[in-house]
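**Q** For reference, the chains in residue letters:
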Amino acid sequence: MLQDAAFWILALAAVGTGTMVFIVDSMARATFALLASFLCVGTALLLIDLHYLGILVVLMMIMEMLVMAVFMLMYMMNPAGLMPMTMVHNNRAALGISAGVFALLTAGIFTVHWPRREGAPPPDPTRALGQALMGPKMLVMMVIGLAILATMIASVVLATNRGRYDLAEPAPTPDAPTQPAEAHAAHDHAAHTHTAQAQDVQGEHQAHVHDAHAHDTQPQGTHTPEAHDHADHAGRGHEAHGASGQGHGAHDHGGHEGHGGQGGAG
Amino acid sequence: MTLQAFLLLAAALFSVGLYGALSQQSIVMLMMGLELMVNGLVVAGGAFWFYVAPGSADGQVLVLVAVTVMALEMAMGFAVATALFRARDVDVTDDASELKG
Numbered sequence: 002m003l004q005d006a007a008f009w010i011l012a013l014a015a016v017g018t019g020t021m022v023f024i025v026d027s028m029a030r031a032t033f034a035l036l037a038s039f040l041c042v043g044t045a046l047l048l049i050d051l052h053y054l055g056i057l058v059v060l061m062m063i064m065e066m067l068v069m070a071v072f073m074l075m076y077m078m079n080p081a082g083l084m085p086m087t088m089v090h091n092n093r094a095a096l097g098i099s100a101g102v103f104a105l106l107t108a109g110i111f112t113v114h115w116p117r118r119e120g121a122p123p124p125d126p127t128r129a130l131g132q133a134l135m136g137p138k139m140l141v142m143m144v145i146g147l148a149i150l151a152t153m154i155a156s157v158v159l160a161t162n163r164g165r166y167d168l169a170e171p172a173p174t175p176d177a178p179t180q181p182a183e184a185h186a187a188h189d190h191a192a193h194t195h196t197a198q199a200q201d202v203q204g205e206h207q208a209h210v211h212d213a214h215a216h217d218t219q220p221q222g223t224h225t226p227e228a229h230d231h232a233d234h235a236g237r238g239h240e241a242h243g244a245s246g247q248g249h250g251a252h253d254h255g256g257h258e259g260h261g262g263q264g265g266a267g
Numbered sequence: 031m032t033l034q035a036f037l038l039l040a041a042a043l044f045s046v047g048l049y050g051a052l053s054q055q056s057i058v059m060l061m062m063g064l065e066l067m068v069n070g071l072v073v074a075g076g077a078f079w080f081y082v083a084p085g086s087a088d089g090q091v092l093v094l095v096a097v098t099v100m101a102l103e104m105a106m107g108f109a110v111a112t113a114l115f116r117a118r119d120v121d122v123t124d125d126a127s128e129l130k131g
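Protein chains in written order, with our numbering: chain A, 2 to 267; chain B, 31 to 131.
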């Protein structure tokens, strides 16, 4: 009897706070209304012996909603609820569809002949769950683990500030060379071959000089800071060019390798 | 407490979440609707375990999967929202119509 009363109070509170999510003016309030709804559901699970899962829902949702509140503050134009806020589209159709779905589900709930209860709850449902997950339901556990790993990788890849071709927008370097693309690529290609030969013959220091020479016709044999700088700039500028997505496949390859060799020498 | 009462709660949560997912313009609010829908699934899974087949742990495993899906959905949703926002300053669904299936 007491449990019945507790269930109905929790159920009403869960649905009420769930509805509040879409009524309140503030995103932060909406987040905490959703959290209250989850807490009610977690407590309701405790009523049917799901102690572990009930506590799991409560703890997980507290953390999840706190993270969500941070995102709310990041993305919302009205996080404090100082102004009335309705951001809906197609409101009447959405209301109609969801009311229809609720009516349909309710009709199903009360007309379907549900199967008779088989077995009794184990004395420790948590132990039963653990043994199932480590035994016959191991596949579920493995899939969950893989899905979590894939989500971690995918969310980091999506959320980093990069576009489809490395950089989101090619950062214009003020000192980047203003040569046309073909000539530029050819230069880099030359730099690559020069570097390779020089490394064979004379070692890393000389390779560095050859590299600079190929780009900017510095006097051979002078190992000046300018030579370093020019070579670096040319390489960087070419990288930016490759990132902008204009395909010069083979040239890009040579250029990047030349750049890498130069970096290793430095 | 009966199976029907729990399923009624689940259906109500699912429908409220469905309304939010269909009507909200903000991507974050839309994800809240999806979370409410999965919340209904959690209730239904727990109720089916307790009232239909408490002898096996299948219902509990289903609840565990639903809770995991909830967390993953939020992580991926925020990642997509962040990517959209970085690319085009978009945080409402109407401006992201090229994602329409």
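Any given hint might turn out to be false.
So, partial list: chain B residues that the calculated Cβ filter (under 10 Å) puts toward chain A [said to hold, decoys possible]:
#1 Q54
#2 M62
#3 L102
Simulated restraints on C-beta separations [said to hold, decoys possible]:
#4 B:D124 - A:L3: 45 to 55 Å
#5 A:P137 - B:Q55: 41 to 51 Å
#6 B:E128 - A:G120: 17 to 27 Å
#7 B:D124 - A:M2: 44 to 54 Å
#8 B:D125 - A:N92: 17 to 27 Å
#9 A:L60 - B:D124: 31 to 41 Å
#10 B:S127 - A:L60: 35 to 45 Å
#11 A:M142 - B:A117: 34 to 44 Å
#12 B:A117 - A:F111: 46 to 56 Å
#13 A:P124 - B:S127: 26 to 36 Å
#14 A:N91 - B:A117: 46 to 56 Å
#15 A:L105 - B:S127: 26 to 36 Å
#16 A:M64 - B:Q55: 22 to 32 Å
#17 B:D124 - A:M139: 24 to 34 Å
Which stretches of chain B does chain A cover? Using the computed rule of at least three CB atoms under 8 Å from a CB of chain A, they are [what the hints assert, rightly or not]:
#18 67 to 76
#19 116 to 122
Source of the hints: derived by calculation from the structure; they are not laboratory data. Cβ coordinates follow ideal geometry from the N, Cα and C atoms, glycine included.
**Q** If a hint holds in the structure, say so; if it doesn't, say that too.
**A** Here is what the structure says about each hint:
1. Of the supplied interface hints, the one on B:Q54 holds, with its beta-carbon coming within about 6 Å of a beta-carbon of chain A, less than 10 Å.
2. Hint status for B:M62: holds, given a least beta-carbon distance of 5 Å to chain A, under 10 Å.
3. A cut of 10 Å between beta carbons decides the hint on B:L102: the least distance to chain A is about 5 Å, and the hint holds.
4. Checked against the hint of 45 to 55 Å, the C-beta distance between B:D124 and A:L3 comes to roughly 48 Å, which is consistent with it.
5. Remark: the range hint 41 to 51 Å for A:P137 to B:Q55 is upheld by a beta-carbon distance near 45 Å.
6. A C-beta distance of roughly 51 Å is found between B:E128 and A:G120, which places it outside the suggested range of 17 to 27 Å.
7. Roughly 50 Å separates the CB atoms of B:D124 and A:M2, a value that falls within the hinted 44 to 54 Å.
8. Checking the proposed 17 to 27 Å range against B:D125 and A:N92 shows it holds: the Cβ atoms sit about 18 Å from each other.
9. A:L60 and B:D124 have their C-beta atoms about 36 Å apart, which keeps the hinted 31 to 41 Å range intact.
10. Our hint of 35 to 45 Å for B:S127 and A:L60 holds, since their Cβ atoms are close to 38 Å apart.
11. Evaluation of the 34 to 44 Å hint for A:M142 and B:A117 yields a pass: the beta carbon distance comes to about 36 Å.
12. Evaluation of the 46 to 56 Å hint for B:A117 and A:F111 yields a pass: the beta carbon distance comes to about 48 Å.
13. A hinted range of 26 to 36 Å is violated for the C-beta pair A:P124 and B:S127, which are about 54 Å apart.
14. Separated by about 25 Å at the C-beta atoms, A:N91 and B:A117 break the suggested range of 46 to 56 Å.
15. Distance hint check: the CB atoms of A:L105 and B:S127 are about 29 Å apart, consistent with the given range 26 to 36 Å.
16. Here the CB-CB span from A:M64 to B:Q55 is close to 27 Å, well matched to the stated 22 to 32 Å.
17. Distance hint for B:D124 and A:M139: a CB-CB separation of about 44 Å, inconsistent with the stated range 24 to 34 Å.
18. Coverage of a stretch by a chain is defined here by at least three residues with a beta carbon nearer than 8 Å to that chain's beta carbons; for the region 67 to 76 of chain B and chain A the count is 4, and the condition holds.
19. With 4 residues having a beta carbon nearer than 8 Å to a beta carbon of chain A, the region 116 to 122 of chain B meets the requirement of three or more and the stated coverage holds.
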